[in-house]
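K.L.:
Sequence order for the protein chains is A and B. Going by the numbering used here, the first residue of the first sequence is number 1, and it counts up by one from there. Going by the numbering used here, the first residue of the second sequence is number 1, and it counts up by one from there.
If you are wondering where the hints come from, they were derived from the structure by calculation, not from laboratory data. Bear in mind the structure is a predicted one, so any value in this text is a computation, not a measurement.
List time: in silico EDC-like cross-link candidates among lysine to aspartate or glutamate, alpha-carbon distance up to 16 Å: (1) A:Lys68 <-> B:Glu167; (2) A:Lys37 <-> A:Asp113; (3) B:Lys164 <-> A:Asp67; (4) A:Lys37 <-> A:Glu112; (5) B:Lys164 <-> B:Asp179; (6) A:Lys104 <-> A:Glu114; (7) A:Lys68 <-> B:Glu161; (8) A:Lys104 <-> A:Asp119; (9) B:Lys153 <-> B:Asp143; (10) B:Lys165 <-> A:Asp67.
So the derived list for chain A, only partly shown, Cβ under 7 Å to chain B, looks like this: (11) Ser23; (12) Ile65; (13) Lys104.
Glycine included, C-beta positions come from ideal geometry on N, C-alpha and C.
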Amino acid sequence: MIETLENFANHYNFFITIFLMISGLFIVIARGNLIKKLIGLSLFQTSVYLLYLTPAKILNATAPIYDKQYSTYSNPLPHVLMLTAIVVGVATFALGLALVVRIKEAYGTIEEDEIFAKDPEAE
Amino acid sequence: MILAAAERAQTAEQAAGAAATVPKDPAMAAVTANAETFVMMILLTLLAAITLAIIRQRNMFGVVILASIYSFLMASVMLALDAVDVAMTEASVGAGISTVVLLTTLYLTGSVEYPRPRSVAIPLFVSLVVGAALVWGTIGLPDFGIADAPIHKHVAPTYIEYSKKHEMPPNMVTAVLADFRGFDTLGETTVVFTAGIGVLLLLQGGWRTSGNSRRDDEDNELDIDGGEA
Numbered sequence: 001m002i003e004t005l006e007n008f009a010n011h012y013n014f015f016i017t018i019f020l021m022i023s024g025l026f027i028v029i030a031r032g033n034l035i036k037k038l039i040g041l042s043l044f045q046t047s048v049y050l051l052y053l054t055p056a057k058i059l060n061a062t063a064p065i066y067d068k069q070y071s072t073y074s075n076p077l078p079h080v081l082m083l084t085a086i087v088v089g090v091a092t093f094a095l096g097l098a099l100v101v102r103i104k105e106a107y108g109t110i111e112e113d114e115i116f117a118k119d120p121e122a123e
Numbered sequence: 001m002i003l004a005a006a007e008r009a010q011t012a013e014q015a016a017g018a019a020a021t022v023p024k025d026p027a028m029a030a031v032t033a034n035a036e037t038f039v040m041m042i043l044l045t046l047l048a049a050i051t052l053a054i055i056r057q058r059n060m061f062g063v064v065i066l067a068s069i070y071s072f073l074m075a076s077v078m079l080a081l082d083a084v085d086v087a088m089t090e091a092s093v094g095a096g097i098s099t100v101v102l103l104t105t106l107y108l109t110g111s112v113e114y115p116r117p118r119s120v121a122i123p124l125f126v127s128l129v130v131g132a133a134l135v136w137g138t139i140g141l142p143d144f145g146i147a148d149a150p151i152h153k154h155v156a157p158t159y160i161e162y163s164k165k166h167e168m169p170p171n172m173v174t175a176v177l178a179d180f181r182g183f184d185t186l187g188e189t190t191v192v193f194t195a196g197i198g199v200l201l202l203l204q205g206g207w208r209t210s211g212n213s214r215r216d217d218e219d220n221e222l223d224i225d226g227g228e229a
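Whole structure, please, built from the sequences with the hints as guidance.
P.N.:
Encoded structure:
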């Protein structure tokens, strides 16, 4: 029992990561509002940041900034990768929102069902 | 592409680590129950609660504010995970710029999401199946925060040693970002530049149209193309 609990606590980060991931997936599939869909997509993306940063952490180590007093540092490589991912993520997010604005101008709505109703080619 | 390469390297490392099963050190097990972990678990639980609120909230303004809170919580979690640079970026970009961009979009499109009679059963089923598969895949991963996990064994020590030896910036993330992986950052800049141009073109194309007719928009787009050529 204790071992199961300990195992659960040790993987708690991963479980929350997975929860955030499937929440994002759920919003993308289930919600019709395009802005909400994009927010779901960015939830999915942030869960990936967590997925990369969690294994990088070493308990009782320090942030990867060199100092004579410390000898163990957390892994800097996932941090670098996620920095890139965040910046690229916000760029694509802004592009998606600009597309939503264009869709609103062209169709008069940003609800997916109404757009499909207006556009027979999309079916 | 570089991300994919890193992932491949990690899987190889994990395979190597699994072959030499590391015996569990009792001292390491004691370390897992410290205050750092506890704080992080609370923050992660709050994060999950905010996510549920985002799913349930139908007012788009509320969703945007909740997304901003989510980003700040995520930045706090990153701080607890020792990823200080990432936390700063997430706080400024995720909670700052994203919120501003979202609010602008709400202003341009109108804000309320009204309830729609959409079936939730299939999305819920898909999400739960994916979640179950991911949990199953997670169980074999190394415990949280141990120093002898395969990810810390191969590339990372090299980066740390090199940036120390060659007197690179004391912040290793900066050293890796600007020195070791400068081309990666160049590619990132290209992506941001392209996205910026895309946003500009998209918004300019529709800026002057007031009606909702698609015909008008297409005419307008042609005009702008002609103007630029």
